[in-house]
Amino acid sequence: MSRLAVPKTYKLYIGGKFPRSESGRTYEVVTKKGAFLANAAQASRKDARDAVVSARGALSGWANATAYNRGQVLYRIAELLEGRRVQFIDEIVQSEGVSAGAATRQVDEAIDRWVWYAGWADKYVQVTGNANPVSGPYFNLSVPEPTGVVAIVAPQDSSLLGLVSVVAPALVAGNTVVVLASERLPLSAISLSEVLATSDVPGGVVNILTGSSAEVAPWLASHADVNAIDLTGAAALDWVDLEIAAAGTLKRVIRPEGGTDLAAPSLDRITALTETKTVWHTKSLI
Amino acid sequence: MTDTQKAVVPRPTALELFDGPVTDASLRRYLEGIPGVDAVGLEQRAAGLGTRSIKTSSKKWALDTIIELIDLTTLEGADTPGKVRSLVAKAVTPDASDPSTPRVAAVCVYGDMVPYAVEALGSHHSAGTDSGINVAAVATAFPSGRASLAIKLSDTADAVDAGADEIDMVIDRGAFLSGRYGQVYDEIVAVKEACRRSDGTYAHLKVILETGELNTYDNVRRASWLAILAGGDFIKTSTGKVAPAATLPVTLLMLEVVRDWHRLTGEKVGVKPAGGIRTSKDAIKYLVTVAETVGEEWLQPHLFRFGASSLLNDVLLQRQKMSTGHYSGADYVTID
Amino acid sequence: MSFLNYAPAPESTAILNLKSEYGLFINGEFVDGHGTPFSTISPANEKTITTIASANDEDVDRAVAAARKAYDKTWSRMSGSDRGKYLFRIARLVQERARELAVAESLDNGKPIKESRDVDVPLVAAWFFYYAGWADKLDYAGAGANPASLGVAGQIIPWNFPLLMLAWKIAPALAAGNTVVLKPAETTPLTALLFAEILQQADLPPGVVNIITGAGATGSALVNHTDVNKIAFTGSTNVGRGIAKAIAGTDKRVTLELGGKAANIVFDDAPIDQAIEGIVNGIFFNQGHVCCAGSRLLVQENIHDEVVDRLKERLSTLRLGDPLDKNTDIGAINSAAQLERIKTLSDVGESEGAERWSPDCELPSDGFWFAPTIFTNVSTSHRIAREEVFGPVLSVLTFRTPAEAIAKANNTPYGLSAGIWSDKGSRILAVADKLRAGVIWANTFNRFDPASPFGGYKESGYGREGGRHGLAAYLKPAGSARAVTAAPSADITDTALTTQKGSDK
Chain A
1 MSRLAVPKTY
11 KLYIGGKFPR
21 SESGRTYEVV
31 TKKGAFLANA
41 AQASRKDARD
51 AVVSARGALS
61 GWANATAYNR
71 GQVLYRIAEL
81 LEGRRVQFID
91 EIVQSEGVSA
101 GAATRQVDEA
111 IDRWVWYAGW
121 ADKYVQVTGN
131 ANPVSGPYFN
141 LSVPEPTGVV
151 AIVAPQDSSL
161 LGLVSVVAPA
171 LVAGNTVVVL
181 ASERLPLSAI
191 SLSEVLATSD
201 VPGGVVNILT
211 GSSAEVAPWL
221 ASHADVNAID
231 LTGAAALDWV
241 DLEIAAAGTL
251 KRVIRPEGGT
261 DLAAPSLDRI
271 TALTETKTVW
281 HTKSLI
Chain B
1 MTDTQKAVVP
11 RPTALELFDG
21 PVTDASLRRY
31 LEGIPGVDAV
41 GLEQRAAGLG
51 TRSIKTSSKK
61 WALDTIIELI
71 DLTTLEGADT
81 PGKVRSLVAK
91 AVTPDASDPS
101 TPRVAAVCVY
111 GDMVPYAVEA
121 LGSHHSAGTD
131 SGINVAAVAT
141 AFPSGRASLA
151 IKLSDTADAV
161 DAGADEIDMV
171 IDRGAFLSGR
181 YGQVYDEIVA
191 VKEACRRSDG
201 TYAHLKVILE
211 TGELNTYDNV
221 RRASWLAILA
231 GGDFIKTSTG
241 KVAPAATLPV
251 TLLMLEVVRD
261 WHRLTGEKVG
271 VKPAGGIRTS
281 KDAIKYLVTV
291 AETVGEEWLQ
301 PHLFRFGASS
311 LLNDVLLQRQ
321 KMSTGHYSGA
331 DYVTID
Chain C
1 MSFLNYAPAP
11 ESTAILNLKS
21 EYGLFINGEF
31 VDGHGTPFST
41 ISPANEKTIT
51 TIASANDEDV
61 DRAVAAARKA
71 YDKTWSRMSG
81 SDRGKYLFRI
91 ARLVQERARE
101 LAVAESLDNG
111 KPIKESRDVD
121 VPLVAAWFFY
131 YAGWADKLDY
141 AGAGANPASL
151 GVAGQIIPWN
161 FPLLMLAWKI
171 APALAAGNTV
181 VLKPAETTPL
191 TALLFAEILQ
201 QADLPPGVVN
211 IITGAGATGS
221 ALVNHTDVNK
231 IAFTGSTNVG
241 RGIAKAIAGT
251 DKRVTLELGG
261 KAANIVFDDA
271 PIDQAIEGIV
281 NGIFFNQGHV
291 CCAGSRLLVQ
301 ENIHDEVVDR
311 LKERLSTLRL
321 GDPLDKNTDI
331 GAINSAAQLE
341 RIKTLSDVGE
351 SEGAERWSPD
361 CELPSDGFWF
371 APTIFTNVST
381 SHRIAREEVF
391 GPVLSVLTFR
401 TPAEAIAKAN
411 NTPYGLSAGI
421 WSDKGSRILA
431 VADKLRAGVI
441 WANTFNRFDP
451 ASPFGGYKES
461 GYGREGGRHG
471 LAAYLKPAGS
481 ARAVTAAPSA
491 DITDTALTTQ
501 KGSDK
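Going down the list, the protein sequences come from chains A, B and C. So in the numbering used here, spot 114 of the first sequence is number 114, and the numbers just go up one at a time. So in the numbering used here, spot 294 of the second sequence is number 294, and the numbers just go up one at a time. So in the numbering used here, spot 37 of the third sequence is number 37, and the numbers just go up one at a time.
Everything labelled a hint here was simulated from the structure, so no lab data went into it. There could be a bad hint or two in this list.
[Claimed, not checked] Just a few of them, taken from the derived set where beta-carbon distance is under 8 Å, the chain B residues facing chain A:
no., residue
1, D38
2, A39
3, V40
4, G41
5, N215
6, T216
7, Y217
[Said to hold, decoys possible] List of simulated lysine to aspartate or glutamate pairs, EDC-like, C-alpha gap at most 20 Å:
no., chain 1, residue 1, chain 2, residue 2
8, B, K55, C, D329
9, C, K312, B, E296
10, C, K245, A, D238
11, C, K312, C, E350
12, C, K408, A, D225
13, C, K343, C, D366
14, B, K321, B, D282
15, A, K123, C, D433
16, A, K283, C, D423
17, A, K283, C, E277
18, C, K312, B, E256
19, C, K424, C, E404
20, C, K245, A, D225
21, C, K312, C, D329
Being a predicted model, the structure only gives us computed values, none of them experimental. From the three backbone atoms N, C-alpha and C, an ideal C-beta is built for every residue, glycine too.
Using the sequences provided together with the hints, build the complete structure.
This is the structure:
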């Protein structure tokens with residue numbers, strides 16, 4: 001006789017804590033065939049607002065951590081993901097309706113991608129920065145820095161890999177993020193937040209919202225305290241309106257991507273969420 | 001310090017400023033507390049001043065002013081009474097073809113040449129009055145300054161006794177660079193005292209920093225303050241025997257110190273760039289720098305001088321060009 | 001006489017050989033425009049310089065079509081080394097005609113000749129020279145091997161540095177293999193048209209660069225043109241916002257260099273004389289018509305009075321007047337409209353309680369003039385401390401600690417530039433790290449170089465101009481239909497890295 005399972009309550013992840021939506025709303029997460037899986041929190045604009053406050057609060061600590069430290073903290077996530085492989089595979093099988101093999105491949109790829117990005121933390125500055133030979137007695141150096149608070153609409157059709165593919169590169173440079181998880185496939189996102197909560201990533205660095213992207217994304221796109229918006233997973237939304245809203249405060253925008261391998265790993269995803277700062281200093285012997 | 005030196009009184013304002021005796025330690029605290037100099041910015045500012053375009057009436061005024069500010073100089077081992085007499089003749093009559101040409105401020109010679117200069121000047125010698133030409137003597141074991149204090153003081157006193165109106169002393173750069181600010185200070189104070197004539201008046205003291213040896217702008221700024229605190233009437237860039245000698249940035253920097261001293265105390269100290277200023281074009285840049293840094297008032301012989309020899313003839317050539325409308329040639333000005 | 005009232009030393013306009021009217025430069029030729037022509041005037045005396053054609057929508061179409069054709073048939077097929085040679089030619093021609101360009105710039109813009117002669121035009125030549133060398137080395141630009149150009153670039157430039165902004169736009173675009181339709185500002189089209197003549201002398205293939213003059217409508221038509229692949233704009237944040245909205249949902253890439261309200265931070269250990277010069281240069285260079293101008297002076301409270309005293313003394317030696325006089329430090333305000341804005345904001349500053357000071361300074365009766373102005377007793381909430389005045393107006397604020405200086409400096413939606421003055425290296429570097437601005441000048445200000453990336457954070461825009469980063473703004477990685485971002489700061493992708501790193505083996 002089988003044991004009666006203890007189901008998990010899926011909540012939001014804001015500022016290192018797991019609140020329910022302030023609106024009190026939830027929505028049903030179902031299997032591919034429509035069977036009930038869980039009630040996920042349906043985030044409201046106020047939850048988004050709180051998440052931005054958390055992300056802004058966490059920015060200075062995360063951005064100013066040493067690159068080596070950020071790299072290690074990110075690598076630690078991969079270690080913890082590895083330990084929870086089975087859980088993630090189960091969730092993906094259940095919610096995406098894919099085979100165990102496909103789910104395994106997705107989880108493994110997500111972990112490896114995380115490792116790949118973790119290794120960039122102390123290198124991207126070297127690769128994309130520059131010593132500039134100006135014609136004058138000046139030390140002149142250009143270095144990339146994190147853009148700030150990044151709002152992300154995660155890919156909709158991938159539970160874990162899509163999410164990792166947009167969150168990890170944003171974190172590498174020291175940005176903090178507010179991510180709208182896949183509306184239909186949010187379970188991996190919540191489980192990832194449990195991993196983050198027990199890792200060394202400071203609370204507020206990653207904030208994960210579940211619910212209706214169409215409802216919440218416009219609030220993030222127009223939020224004056226958000227510096228960039230990654231619309232990679234927003235192809236099905238009214239993303240042009242989101243881009244227009246983002247232009248109100250001249251946010252950096254990553255436009256939606258389609259295709260099978262959206263948000264493929266690239267250094268470009270890191271640098272897209274950085275600002276190049278150039279410092280001049282006079283130079284003289286006398 | 002010897003007893004005689006202890007009786008010496010440095011610039012009273014310096015004592016007020018320090019609120020007590022001037023010591024090595026108090027000097028160090030003061031000089032090292034002065035804001036630093038950013039060399040790049042200083043040189044850019046000087047270069048900017050150097051781009052002023054001085055035309056027509058301004059240029060005519062500038063050329064005459066340059067002549068009036070020149071310490072016409074000969075400082076050679078080979079100097080003779082004859083050479084000095086020739087120099088003096090040039091000082092009195094810079095351009096025989098144009099009687100309206102002003103005279104230079106002073107002739108500048110080695111101490112042993114002072115009697116010949118005084119004699120040659122005759123009635124043109126200012127001799128303590130406001131008109132006429134001064135005799136300036138380099139002293140204190142010029143140019144190196146490497147001699148005992150006693151020698152330096154007697155070197156100075158000799159020149160003053162012989163009729164020098166101005167003494168151009170050198171500071172002990174070795175002492176300065178090794179941080180013995182008190183020694184440099186005391187020496188200037190003592191030399192100033194040696195400038196005292198029997199009637200109680202003083203020969204004007206120009207303090208040569210030898211900026212080329214001080215090397216850094218921070219050092220130049222500190223040495224300028226030091227020389228002013230000790231009572232120098234003028235601060236002067238160079239002996240002319242060390243390269244680099246006068247440069248526009250270093251002169252600008254010294255003018256800034258003079259301006260700051262004036263802001264602080266109301267006292268006016270002179271500045272003398274010397275060595276390397278050979279053309280009217282260059283000299284005009286200095287006039288611009290003086291006028292825009294410390295004010296046009298400083299463009300008078302008691303507050304600004306050029307230490308130069310060949311500059312005079314270039315100014316005369318330019319002057320002739322302005323009056324005749326065509327370019328002149330070297331054969332139309334006299335060599336001294 | 002007063003020596004300081006230097007006799008007039010005007011640069012001669014005889015070197016100019018201006019036409020009485022200028023057409024649009026399309027497909028290598030000057031052609032008639034179909035909008036209503038307008039005059040360009042000298043802001044120093046309001047006299048008309050020449051008549052300028054205005055491009056209507058059809059003209060914009062023609063220009064874009066010419067650029068497209070030149071891109072497809074010529075420029076994108078040309079070897080990098082040949083593209084580079086054209087750019088080198090242009091650099092040399094600019095040097096050869098430097099004096100003429102400087103005179104034209106000062107005449108049309110109102111900036112002092114010493115600036116157009118010593119800063120603007122030499123930098124224009126340097127910009128072309130720098131990017132010329134990139135044209136055959138794009139593999140090393142950071143976008144991976146064989147990066148592709150974007151196509152037709154629509155470029156819209158402001159009136160504050162007319163020719164220099166043209167160079168910032170055109171040089172990297174052409175080096176990367178793009179063709180260009182450029183619209184100069186309505187009040188300062190003259191040097192762009194002289195530049196068109198230079199392009200003719202350089203024998204640049206027709207259509208590679210097209211210069212269309214006109215007002216906002218012309219720019220708008222260019223931004224919205226469906227056959228334009230890239231928009232590069234320098235100008236106000238408001239217009240930049242509009243452009244970002246206009247290109248939303250398209251494939252167009254965009255770089256925006258917008259407004260600023262830079263803090264110039266002076267610590268109490270600053271090299272004081274150089275700091276004073278830097279403050280003056282920071283806000284009075286080009287009459288303060290500089291997006292990166294140091295318009296907010298943040299001075300440590302314990303040296304506030306001394307700094308302000310010294311600043312006032314220094315300002316009293318600035319010469320305001322004829323832009324063509326070689327001794328002029330402060331020229332004319334570029335337009336009546338801009339003068340009005342400066343006056344309005346300054347009046348607001350006064351009414352909000354800030355203390356206004358200007359040196360005694362006689363303003364010419366004709367033309368547009370504004371005396372250099374300092375506001376003290378300014379607090380962070382005053383409009384003159386928040387809004388870009390874009391004029392010779394400095395707001396002085398104080399701070400007590402480095403942390404406070406950083407907080408006040410960053411307390412703005414802008415983030416273009418900042419200055420730091422201190423003798424302490426460790427503090428300079430730490431403060432530079434924490435300032436949210438794209439260009440930080442330490443113990444200097446307002447320095448520009450083609451090798452040095454320039455551009456803003458936050459509402460000062462996105463993308464960089466200058467250096468390798470400026471080149472990347474006109475490139476995309478080989479094989480990529482489009483770049484990842486709408487607005488990359490540095491579009492650097494190694495194609496080898498884009499292949500999936502996975503455990504699927």
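Here's how the hints hold up against the structure:
no.: 1; hint: D38; result: holds (6 Å)
no.: 2; hint: A39; result: holds (4 Å)
no.: 3; hint: V40; result: holds (4 Å)
no.: 4; hint: G41; result: holds (7 Å)
no.: 5; hint: N215; result: holds (6 Å)
no.: 6; hint: T216; result: holds (5 Å)
no.: 7; hint: Y217; result: holds (6 Å)
no.: 8; hint: B/K55 / C/D329; result: holds (17 Å)
no.: 9; hint: C/K312 / B/E296; result: holds (17 Å)
no.: 10; hint: C/K245 / A/D238; result: holds (14 Å)
no.: 11; hint: C/K312 / C/E350; result: holds (18 Å)
no.: 12; hint: C/K408 / A/D225; result: holds (17 Å)
no.: 13; hint: C/K343 / C/D366; result: holds (17 Å)
no.: 14; hint: B/K321 / B/D282; result: holds (17 Å)
no.: 15; hint: A/K123 / C/D433; result: holds (18 Å)
no.: 16; hint: A/K283 / C/D423; result: holds (12 Å)
no.: 17; hint: A/K283 / C/E277; result: holds (17 Å)
no.: 18; hint: C/K312 / B/E256; result: holds (15 Å)
no.: 19; hint: C/K424 / C/E404; result: holds (17 Å)
no.: 20; hint: C/K245 / A/D225; result: holds (19 Å)
no.: 21; hint: C/K312 / C/D329; result: holds (15 Å)
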